[in-house]
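Enquirer: In case you want the letters, here they are:
There are 2 protein chains.
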Amino acid sequence: MRIVALAGGIGGARFLRGLRELTGPQDEITVIGNTGDDIHLFGLKVCPDLDTVMYTLGGGIHEEQGWGRADETWSVKEELKAYGVGPEWFGLGDRDFATHIVRTQMLGAGYPLSAVTEALCDRWQPGVRLLPMTDDRVETHVKITDESGPRVVHFQEYWVKLHAAVAAEAIVPVGAETAKPAPGVLEAIAAADVILLPPSNPVVSIGTILAVPGIRQAVSDAAAPVVGLSPIIGGAPVRGMADKVLAAVGVEATAEAVALHYGSGLLDGWLVDTADAEAVAAVEAAGISCRAIPLLMTDVPATAEMARAALELAEQVRS
Amino acid sequence: MRIVALAGGIGGARFLRGLRELTGPQDEITVIGNTGDDIHLFGLKVCPDLDTVMYTLGGGIHEEQGWGRADETWSVKEELKAYGVGPEWFGLGDRDFATHIVRTQMLGAGYPLSAVTEALCDRWQPGVRLLPMTDDRVETHVKITDESGPRVVHFQEYWVKLHAAVAAEAIVPVGAETAKPAPGVLEAIAAADVILLPPSNPVVSIGTILAVPGIRQAVSDAAAPVVGLSPIIGGAPVRGMADKVLAAVGVEATAEAVALHYGSGLLDGWLVDTADAEAVAAVEAAGISCRAIPLLMTDVPATAEMARAALELAEQVRS
Numbered sequence: 001m002r003i004v005a006l007a008g009g010i011g012g013a014r015f016l017r018g019l020r021e022l023t024g025p026q027d028e029i030t031v032i033g034n035t036g037d038d039i040h041l042f043g044l045k046v047c048p049d050l051d052t053v054m055y056t057l058g059g060g061i062h063e064e065q066g067w068g069r070a071d072e073t074w075s076v077k078e079e080l081k082a083y084g085v086g087p088e089w090f091g092l093g094d095r096d097f098a099t100h101i102v103r104t105q106m107l108g109a110g111y112p113l114s115a116v117t118e119a120l121c122d123r124w125q126p127g128v129r130l131l132p133m134t135d136d137r138v139e140t141h142v143k144i145t146d147e148s149g150p151r152v153v154h155f156q157e158y159w160v161k162l163h164a165a166v167a168a169e170a171i172v173p174v175g176a177e178t179a180k181p182a183p184g185v186l187e188a189i190a191a192a193d194v195i196l197l198p199p200s201n202p203v204v205s206i207g208t209i210l211a212v213p214g215i216r217q218a219v220s221d222a223a224a225p226v227v228g229l230s231p232i233i234g235g236a237p238v239r240g241m242a243d244k245v246l247a248a249v250g251v252e253a254t255a256e257a258v259a260l261h262y263g264s265g266l267l268d269g270w271l272v273d274t275a276d277a278e279a280v281a282a283v284e285a286a287g288i289s290c291r292a293i294p295l296l297m298t299d300v301p302a303t304a305e306m307a308r309a310a311l312e313l314a315e316q317v318r319s
Numbered sequence: 001m002r003i004v005a006l007a008g009g010i011g012g013a014r015f016l017r018g019l020r021e022l023t024g025p026q027d028e029i030t031v032i033g034n035t036g037d038d039i040h041l042f043g044l045k046v047c048p049d050l051d052t053v054m055y056t057l058g059g060g061i062h063e064e065q066g067w068g069r070a071d072e073t074w075s076v077k078e079e080l081k082a083y084g085v086g087p088e089w090f091g092l093g094d095r096d097f098a099t100h101i102v103r104t105q106m107l108g109a110g111y112p113l114s115a116v117t118e119a120l121c122d123r124w125q126p127g128v129r130l131l132p133m134t135d136d137r138v139e140t141h142v143k144i145t146d147e148s149g150p151r152v153v154h155f156q157e158y159w160v161k162l163h164a165a166v167a168a169e170a171i172v173p174v175g176a177e178t179a180k181p182a183p184g185v186l187e188a189i190a191a192a193d194v195i196l197l198p199p200s201n202p203v204v205s206i207g208t209i210l211a212v213p214g215i216r217q218a219v220s221d222a223a224a225p226v227v228g229l230s231p232i233i234g235g236a237p238v239r240g241m242a243d244k245v246l247a248a249v250g251v252e253a254t255a256e257a258v259a260l261h262y263g264s265g266l267l268d269g270w271l272v273d274t275a276d277a278e279a280v281a282a283v284e285a286a287g288i289s290c291r292a293i294p295l296l297m298t299d300v301p302a303t304a305e306m307a308r309a310a311l312e313l314a315e316q317v318r319s
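First to last, the sequence lines map onto chains A and B. For the first sequence, the numbering used here gives the first residue as 1, with consecutive numbering after it. For the second sequence, the numbering used here gives the first residue as 1, with consecutive numbering after it.
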């Protein structure tokens, strides 16, 4: 089976680990990763979502943290602080730095991000084909108003430094409108047997991927069923601060509202948590097949069960 | 007193530590550092000699090793190896990487190397003004012939990877002929009360600095006495493989031959080790004042004594 998944960071990566557990070598998983949260730090190109997917599937992730490397050391960060060079709020460990150094060197040598990602995955062997959504530079910016007045900050500054403590007034994927899907992205979507939207952030992760011209259309046009999993359980994001960015696009933080935000033009099926079983009827009324199942990714087997339910729902909407 | 010293890496740095011990806050030491051994590794600009001076005088050096940082960790290097990204033969620790990251970021932002070096020294407070010989790119290459036939390698490859095990047929400071002295270099030389040539490599360290157009002439023309210390004791370099690169320029590895290589047009005074006392007469016969004193930098006090002898000899040749 050819499976395509659109993925952000931690939530997407953990879901993919369950999906990979469920599938076998005869299946082919292509992951289209969000690059809107990429950031240049210390002159290096950092791709947090791609790396979280790569480290998680490759066995290098810091499990408790969900991002960054296991057995990490922090000498470089200590030294940068001693030099008075910031920002300090973004956690880059020594092992993680090596990834960014290799990536930046390859980009500087002229390789596109997709080729760089493939080269990095040569080491990590994530068991999926990981494609960045685009080789072009896209950066998600967030409009806020705080004591400094109205201003626009990089998504990472909003998320990691400010902890999304102020309201996001607008989310702008700068550069998206002129970005092209990376090589293989549209082809993978068109050839897919099933397309999955993991429980990633619907605005700044999957929303950003869909903002690259051509990708939303390709997903809508695809012959394959499109099934998503709600990142919202009981009116709150399982992890992260998705409610803050949903508010910026005028969407309530409920499993139902997120499904309707994607819409029946995009989604064929939607999984909500058993806690949100009352949403099923409303989602189905909007023309999207919906099931309520446990959606907490407590461990890999539980996550594999979610993936199984998603593939089953895809089979059902297909026939 | 205004002292100018031309310095390479370990030998120069250790001498400068003795010199600084000897002098006081009323003295002003300007160090003109060799950048011919700079190398781009992993997309980062590495300046081994400047950093060795900065770390040694700033208290961050790995004492036994003579280069690199104390309390170093090696996670980045481990990861680069796991990615299959080389070279592996150049030892860059995590703390050291931070220096190169800051430097590369500043250079990328448009700051010249001299400004970057000043910014790095803001942290290290080396107690001297450290100037790169030039802000332009100069790279010392070495012509060799080995089982691969005749070829040209970067100096660091010759020195660190090949351990100077094959003969150096020529030493070429690529880019030197069009390089300009960094801001402040010629002014410091002209205003100096004394100019010192520490026991650094006469070819690839001090020779490279003198190869930047204008610097040799400025040293020759300076009103200040120029006093050097032999890096060769008893016919062998105290450290390193200076004999190999001396051979490439047709100079014997003796204290006397190095003095004559610099020549009386440049040198006013020369210190040889007591083991080379028999060289004194020949050096003096060439018009260079010469003394034999212990030249082993066994500790900081012994090195301060060498610096004292150099300043005394400068006083003698001045009058």
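Source of the hints: derived by calculation from the structure; they are not laboratory data. Be a bit skeptical, because a hint or two may be false.
Copies of one chain are not kept apart here, so a pair can be met inside one copy or by any two copies together.
[Said to hold, decoys possible] Cross-link-like lysine to aspartate or glutamate pairs, in silico, DMTMM-like; alpha carbons within 25 Å at most: (1) K81 x D71; (2) K81 x E118; (3) K81 x D122; (4) K143 x E252; (5) K143 x E278; (6) K143 x E118; (7) K180 x E88; (8) K161 x E284; (9) K180 x E72; (10) K161 x D221; (11) K81 x E284; (12) K143 x E72.
Enquirer: It remains to establish, for every hint, whether it holds in the given structure.
Expert: These are the hints, each one checked on the structure:
1. Within a single copy, K81 and D71 get their C-alpha atoms as close as 21 Å, and across copies as close as 16 Å, so both meet the 25 Å cut-off.
2. Only between protomers do K81 and E118 lie at most 25 Å apart by alpha-carbon distance; the minimum there is 17 Å, versus 32 Å within a single protomer.
3. For the homomeric pair K81 and D122, the shortest alpha-carbon distance between copies (13 Å) is at most 25 Å, but the shortest distance inside one copy (33 Å) is not.
4. For the homomeric pair K143 and E252, the shortest alpha-carbon distance inside one copy (19 Å) is at most 25 Å, but the shortest distance between copies (69 Å) is not.
5. In this homomeric assembly, K143 and E278 never come within 25 Å of each other (Cα to Cα): the closest approach is 34 Å inside a single copy and 78 Å across copies.
6. For the homomeric pair K143 and E118, neither the shortest alpha-carbon distance inside one copy (33 Å) nor that between copies (37 Å) is at most 25 Å.
7. In the homo-oligomer, the alpha carbons of K180 and E88 never lie at most 25 Å apart, since the shortest distance is 33 Å inside one protomer and 37 Å across protomers.
8. Proximity of K161 to E284 under the C-alpha cut-off of 25 Å is found in neither arrangement, the shortest distances being 39 Å within a copy and 67 Å between copies.
9. Taking the closest pair of Cα atoms, K180 and E72 never come within 25 Å of each other, the shortest separation being 35 Å inside a single copy and 43 Å across copies.
10. In the homo-oligomer, the alpha carbons of K161 and D221 never lie at most 25 Å apart, since the shortest distance is 39 Å inside one protomer and 57 Å across protomers.
11. For a Cα distance limit of 25 Å, the shortest separation of K81 from E284 qualifies neither inside one copy, at 53 Å, nor across copies, at 52 Å.
12. Taking CA atoms no more than 25 Å apart as the test, K143 paired with E72 passes in neither setting, with 33 Å inside one copy and 41 Å between copies.
Violation of the numbered hints given earlier is confined to hints 5, 6, 7, 8, 9, 10, 11, 12; the remaining hints are satisfied by the structure.
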